[in-house]
Amino acid sequence: MQTQFWLTLLVFALVLLALAWPLSGWLAHLASPQFGQGSRFVQAVERPLWRLSGIDPSSGQRWPKYALALLAFNALGALVVYVLQRVQVWLPLNPAGFAAVEQGSAFDTAVSFVTNTNWQGYTGEQTMAHLTQMLGLTVQNFLSAATGLSVAFAITRGLMRRGQEDAKGSAQAGVIGNFWADLVRITLWVLLPICIVYSLVLVQQGSIQNLKGFAEVTTLETTAYDAPKTDAAGQPVLDAQGKPVTEHLTTHTQQIPGGPVASQEAIKMLGTNGGGFFNANSAHPFENPTALTNFLQMLSILVLPSAIVLAFGRMVGDTRQGWTILAAMAVVMVAFMAVAFYAEMTPNPQLTAAGVGTDLGNFEGKETRFGVVASTLFAAITTGTSCGAVNAMHDSFMPLGGAVPLSLILLGEVIFGGVGTGLYTMLVYVLTAVFIAGLMIGRTPEYLGKRIESYDMKMLSIAILLTPIVVLSGAALSVALEAGRAAISNPGPHGLSQILYAWGSSTNNNGSAFAGVSVNTRFYNLGLAVAMWIGRFGTIVPVLALAGNMALKKRSESLIGKMPTHGPLFVGLLIGTIFLVGALTYVPALALGPVAEHLQLFVKAAK
Amino acid sequence: MDDLVMVVLIGVLFLAAWGLTRFCERLSDRGRP
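Chains A and B, in that order, are what the protein sequence lines are. Its first residue numbered 1, the first sequence is counted upward by one per residue in our numbering. Its first residue numbered 1001, the second sequence is counted upward by one per residue in our numbering.
So here's chain A without its partners, still in its complex pose (with noise of 0.2 angstroms):
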């Protein structure tokens, strides 16, 4: 089992690095103002759309306005996502008749696909219209996936400015490049052209893609199953000790869900968004029919935030910049993997005891098809990008094997991160080790050949603290309030992972969800969907502000007395700076949750 776990891994880096390489390339030139200057074909697709919006997307705008542009594009969004699922019922393309979606749980799914969360309050097949799932979801996906690189290609352009351009008053002093000219760019000739081949070989591969409602078809065996009785009011019926009380019931009949699958998996991964079709999410056979679609799910998740670190280096011309990014988050990425990996390998002492266990591992909650080593690689790689799908159940990991999915999240999804998001969050770091670095050997902080400043340490601050605080503040509210805690399923330390795997997974814009809390509860939706909010544009807005103030400086090419920012040294420098300020945060709240848990459960197995 650890030879297929590391020759797993190891075919894996190969095929990304083969793939990310060549993608960095064009993202690079898709952000270079020259995009599109020589060919035909581009200019003869975007122009009428520039002609139907009236934008130039050669003129740039300063950092205000290319955040006003941003965050009113995201808010309007949300709006439209929200009212499509409000008049679902009277829209077209809704086969199984499914009504309005309540209130609550439409805002909070209108923030959570909007600001790349996908965190699903919902069981998707019971309850979104395949309209709203199109219209609303999909197109979302592909937006907020834009909107993330957006912003990195906003800080890479602030970065790579060589200040030449600066005199004041001039034009183009301070100018971090076009939103919509990069929203439209992104969407167009990078996410559109790889989903449409990716749901065809998912397609091939055995997903659905279909507008249809459910088939009732007849199984080949009779199934009996226990179901809790229900009153005429559809409420559980209960016996004299408050106990449901179950009835025993046969069927013969199935129902199949229908519906456009495909098209919105492939951008599901792509775009780092995570959210499924269905309740299952990835772990259901018409999302992820095969071993080979769920090694290409796994593939697509890291592609882009590869890429894009990649891009990076090419773009502020000096490409062992973006390999020692990349360096520092693969180090983490695979320490996370082995540590999930031999946690889950490790049965579980009481089902051991029982006479139950199995030398396969921890098999509980994980899908049959996939097995410990791709759940455990799923999981971590889903974790560490902000993507948030998953492919067995992560409440059912062993608690050290549950508290990698769980750190990752809580890190700030720099290993890897989201579809941009995880390069400017890894750029805060990155800035940051250098200035720390700075203060301890006693040289001027400077990145790229700009020294980093008051105003920028002050954006910093603002995007590394405002996540922990809102992740921390709203957990110790749930478990304060009857409404928090009313919706642990399990409780103790595990239900404390579990609350704080909420907050976590939906501030940081993960999506996953630890299972077993029931969040689809007015409490939930209103809180989590500001969590979302806050710690999406909470950390966009500083980070094009930063973004704006280094475009401004001027770029100094020597090379005399400033610290190397790559190499093995830097590599080590920036995962210390990203483990003592993420990681430190969250040690009392972990050593509470999954420490505690794993200890509980081993010292009561030993006795």
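Incorrect hints may have been included.
[Said to hold, decoys possible] Here are the simulated distance ranges between beta carbons:
(1) 1011/B to 356/A: 52 to 60 angstroms
(2) 1011/B to 218/A: 47 to 55 angstroms
(3) 1011/B to 489/A: 32 to 40 angstroms
(4) 253/A to 1011/B: 42 to 50 angstroms
(5) 1011/B to 238/A: 36 to 44 angstroms
(6) 1011/B to 248/A: 48 to 56 angstroms
(7) 1011/B to 350/A: 45 to 53 angstroms
(8) 196/A to 1011/B: 31 to 39 angstroms
(9) 359/A to 1011/B: 52 to 60 angstroms
[To be verified] With a cut-off of at most 16 angstroms between alpha-carbon atoms, the simulated EDC-like pairs for lysine to aspartate or glutamate come out as follows:
(10) 229/A to 247/A
(11) 229/A to 216/A
(12) 458/A to 1003/B
(13) 243/A to 231/A
(14) 65/A to 1025/B
(15) 243/A to 226/A
Source of the hints: derived by calculation from the structure; they are not laboratory data. In this text the structure is predicted, and so the values were computed from the model without any measurement. For every residue, glycine included, the Cβ atom is placed at its ideal position computed from N, Cα and C.
Given chain A's structure and the hints, the job is docking chain B onto it.
Just chain B, lined up with the frame of chain A:
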């Protein structure tokens, strides 16, 4: 009624983010005399 509250909430979230933008802009040392 609830629909109105949710739409207003989206507006409030936008304004909060825009407020943060203005705050960051005002923090900037540049442009000061």
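Check whether the Cα positions of residue 229/A and residue 247/A lie no farther apart than 16 angstroms.
At roughly 6 angstroms apart (the allowed maximum being 16 angstroms), residue 247/A and residue 229/A satisfy the hint.
Against the range 36 to 44 angstroms, how does the distance between the Cβ atoms of residue 1011/B and residue 238/A compare: consistent or not?
43 angstroms Cβ-Cβ, so the 36 to 44 angstroms window holds.
Kindly confirm whether 32 to 40 angstroms is satisfied by the beta carbon distance between residue 1011/B and residue 489/A.
holds, 35 angstroms
Is residue 243/A close enough to residue 226/A, meaning Cα to Cα at most 16 angstroms?
Roughly 14 angstroms separates the two Cα atoms, so the pair holds.
Just to be sure I understand the hint, the distance between the Cβ atoms of residue 253/A and residue 1011/B should be within 42 to 50 angstroms; is that true here?
holds, 47 angstroms
Does the Cβ-Cβ separation between residue 359/A and residue 1011/B fall within 52 to 60 angstroms?
holds, 57 angstroms
Do the Cβ positions of residue 1011/B and residue 248/A conform to the proposed distance bound of 48 to 56 angstroms?
holds, 52 angstroms
Holds or violated: the 52 to 60 angstroms window for the beta-carbon distance between residue 1011/B and residue 356/A?
holds, 54 angstroms
Quick check on a hinted range of 31 to 39 angstroms for residue 196/A and residue 1011/B, using CB atoms only.
With a Cβ separation near 35 angstroms, residue 196/A and residue 1011/B satisfy 31 to 39 angstroms, so the hint holds.
Hint consistency between residue 458/A and residue 1003/B [alpha-carbon to alpha-carbon, up to 16 angstroms]:
Violated - the C-alpha atoms of residue 1003/B and residue 458/A are around 38 angstroms apart, more than 16 angstroms.
Keeping to a limit of 16 angstroms between CA atoms, is the pair of residue 229/A and residue 216/A held or broken?
violated, 23 angstroms
Given a hinted range of 47 to 55 angstroms, is it respected by the beta-carbon distance of residue 1011/B and residue 218/A?
For residue 218/A against residue 1011/B, whose Cβ atoms are near 51 angstroms apart, the range 47 to 55 angstroms holds.
In summary, the structure is inconsistent with hints 11, 12 from the numbered list given earlier, while agreeing with the others.
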